[in-house]
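Trainee: These protein sequence lines are chains A, B and C, in that order.
Counting along the first sequence from 1, when you hit position 31 you're at 31 in full-length UniProt numbering, and nothing is skipped either side.
Counting along the second sequence from 1, when you hit position 36 you're at 36 in full-length UniProt numbering, and nothing is skipped either side.
Counting along the third sequence from 1, when you hit position 185 you're at 185 in full-length UniProt numbering, and nothing is skipped either side.
Check each hint, because a few of them may be wrong.
Residues of chain A placed beyond 10 Å of chain C at every Cβ, according to the derived structure [as the list claims (entries may be wrong)]:
id, residue
1, Arg25
2, Thr33
3, Leu37
4, Glu204
5, Gln231
6, Asp240
7, Ala255
8, Arg260
9, Thr268
10, Ile278
11, Thr320
Some chain B residues close to chain C (C-beta under 10 Å, calculated; not the full set) [to be verified]:
id, residue
12, Thr36
13, Ala48
14, Val49
15, Ala52
16, Ala56
17, Gly78
18, Arg121
19, Val124
Far from chain C, some chain A residues (derived; all Cβ distances over 12 Å) [as the list claims (entries may be wrong)]:
id, residue
20, Gln13
21, Ser60
22, Arg96
23, Ala101
24, His110
25, Asp180
26, Thr198
27, Thr229
28, Arg236
29, Leu251
30, Gln269
31, Gly313
32, Leu324
Derived from the structure by calculation, the hints contain no laboratory data.
Cβ atoms here follow ideal geometry from the backbone N, Cα and C, with glycine treated the same way.
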Amino acid sequence: MYLSTTAAQAPHQLRRISCIGFDWRAEVSLRETLALLNGRTTDQWQYTDEPVADVLIYDSSNALAQAVVRRTTADQARACICFPSNNQDQGELALRYPFGASRLIRCLNHASQSLAGHGGSAADRESLSQRLDNAMALPRIEAIALRVGRHQGLLYPASRRIAWPVALDIDEIAGMLGGDVELTALGSADRALHDAITAQAVVEGPAEALLWAIGMTRSGGQLLGRIQTRQAYRLRRWPDFGVMGRRSADLRCTALLMQRALSVGELTQLSGLPSAVITAFLNAASLCGLLVADTASRAPERILAGSNSRFGGVLQRIRTAFALHDAA
Amino acid sequence: MTLDTPLIGAPGLHESALTELLELLPQAHSVVLAQTDGFEVASAMRRAVPAARLAALASSMLALGAAALRELGMGGHGNVLIEGTDGKLLLLEVPLASQPLVLAVVAGEDAITGSLLWAARQCVQRIINHQ
Amino acid sequence: MSREYKLLFAGPMGAGKTTAIAAISDSAPISTEARNTDIAQHSKAQTTVGFDYGEVALEGGDRLRLYGMPGQSRFDFIWKVASAGALGVVMLADNSRPDPLADLSACIDAFTELAAAHAMVVGVGRGGEGRLGIDDYGEWLAARGHVAPVFSVDVRRRDDVLLLIDALLNQIETRELLAGTTESRA
């Protein structure tokens, strides 16, 4: 992965680091290694789930990650560390998994250098997911105007469709994820503004891939306010992962919630996934309008240990044969 | 089956070849001619068999047999003989350049395999000669 | 002793079953194609009449067998034979057809038992000429009692085929996982 840096200031400052396109195991490993580095790097590093960080570590084989990096590098906003680098890549900003502390220290210090002299650190604020959810929940709202850089379009919360100046392909979505997104709720009184944007935003289509990506990458580790931890939820239908890409964690959570309503804790326990992954998944599903609260009163799941699989581990070997873990 | 398929010749001629086969071999009771993609072309029978069904089955089985031969490096053309306790089913390729066909002959258990093969091959030759 | 596991690829004629198997099989698949004379149904030159066969080696010497079913309902005897003991079925749809759901109908019904006992996933051929949206397929399936995932895919791409298989595996695994839990409702 390559490290992508934004803006640096004085030495020994607190910098934020994030990753994109990672297998969650690599993400956990990165966070653990970072925690061990305290005081051994030029700057102090703090992990964040927001890609609006000073340094972005990305999986160089992940299409969305590549697109985000292309975008951020073009903006000169931050530094990027690449992972997993191919064996030829011996650059200063290339990491290999498992993360060795000394290599990571060198990468981070190199990133600090390249950041020095740039602007300020990414600001703490409400996540984009939460802001978008707030906007969509406003009464009598007709559309939400989104502005990212030079592009502006309209998101229709009821139909979850979006009108945008260009086709919302993976590059365009990546651009929105990597930058600041300005949201304005439009009601019936905002007809003039609505029409002005519509004149530019000529490509209309489903917003599911964008909303899913926002939930996955711009949740800041916080569950949306509307999601209650004690409430059981199920999914209304399978999202179209053919459009947004395959991630095993998403497929696993979806398969569970399509079969039974589960609370956040139950989903975490049954899926065996880190809670940060579950948080992002639930936010994404909620933004897409797929998360449904189960109204039946219920007693909590009791998870029985040692249930035997009829398939005797063959499913796991099929995954290995197809390297299906790679996109987890 | 599809209509307007001039490739496979006049149905009347095919049927006469099939009828002749039944006359030649009293132990054979049904014969079906099919396209290799499973459509029935013609049939003749002393005892009713589901001809359209047999046409699809015959094309599949012959295709599987040919695939097995290809895998073994033994060419890609052959016949299939199934000997059941109550009868025999013989599938022969009819290698017409215009439209390859499959001949399926259903015979009783008393049919001698050699005679069955010989009579069926005569029938295949007649169908080819009709083209 | 090595064991065999099988996955089926089904769906109407021309939906891309042969292509999907070729995209993931370890070696070139065995095919049983014959000249297609039913041009009214589909314009392609060749059509599967037996079954396509590919395989993937698993750790420990076992094999995953991939069977591509012929699309036309006159070959439904093969669907029945192949369904026995299968892990699940990948159903492919051709969205460029005039009535893709009618085409899918016969196939889906034939595999209902397998889908209910194990798992099914539906892949809809991607392309601008598509007549129906993913939601249309989802609603149509739901009306028939199926809750299968529906993904838009290009089966020429290995990763898209892997998405279908990954979703299938996740359905089987989570069903087993949930079977090991108790759920008591007040």
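Trainee: For each hint, tell me whether it holds in the structure or not.
Mentor: How the hints compare with the structure:
no.: 1; hint: Arg25; in the structure: 17 Å, holds
no.: 2; hint: Thr33; in the structure: 28 Å, holds
no.: 3; hint: Leu37; in the structure: 35 Å, holds
no.: 4; hint: Glu204; in the structure: 13 Å, holds
no.: 5; hint: Gln231; in the structure: 15 Å, holds
no.: 6; hint: Asp240; in the structure: 5 Å, violated
no.: 7; hint: Ala255; in the structure: 4 Å, violated
no.: 8; hint: Arg260; in the structure: 6 Å, violated
no.: 9; hint: Thr268; in the structure: 13 Å, holds
no.: 10; hint: Ile278; in the structure: 14 Å, holds
no.: 11; hint: Thr320; in the structure: 6 Å, violated
no.: 12; hint: Thr36; in the structure: 4 Å, holds
no.: 13; hint: Ala48; in the structure: 18 Å, violated
no.: 14; hint: Val49; in the structure: 14 Å, violated
no.: 15; hint: Ala52; in the structure: 7 Å, holds
no.: 16; hint: Ala56; in the structure: 4 Å, holds
no.: 17; hint: Gly78; in the structure: 13 Å, violated
no.: 18; hint: Arg121; in the structure: 21 Å, violated
no.: 19; hint: Val124; in the structure: 17 Å, violated
no.: 20; hint: Gln13; in the structure: 41 Å, holds
no.: 21; hint: Ser60; in the structure: 16 Å, holds
no.: 22; hint: Arg96; in the structure: 23 Å, holds
no.: 23; hint: Ala101; in the structure: 32 Å, holds
no.: 24; hint: His110; in the structure: 33 Å, holds
no.: 25; hint: Asp180; in the structure: 31 Å, holds
no.: 26; hint: Thr198; in the structure: 22 Å, holds
no.: 27; hint: Thr229; in the structure: 19 Å, holds
no.: 28; hint: Arg236; in the structure: 9 Å, violated
no.: 29; hint: Leu251; in the structure: 4 Å, violated
no.: 30; hint: Gln269; in the structure: 10 Å, violated
no.: 31; hint: Gly313; in the structure: 9 Å, violated
no.: 32; hint: Leu324; in the structure: 5 Å, violated
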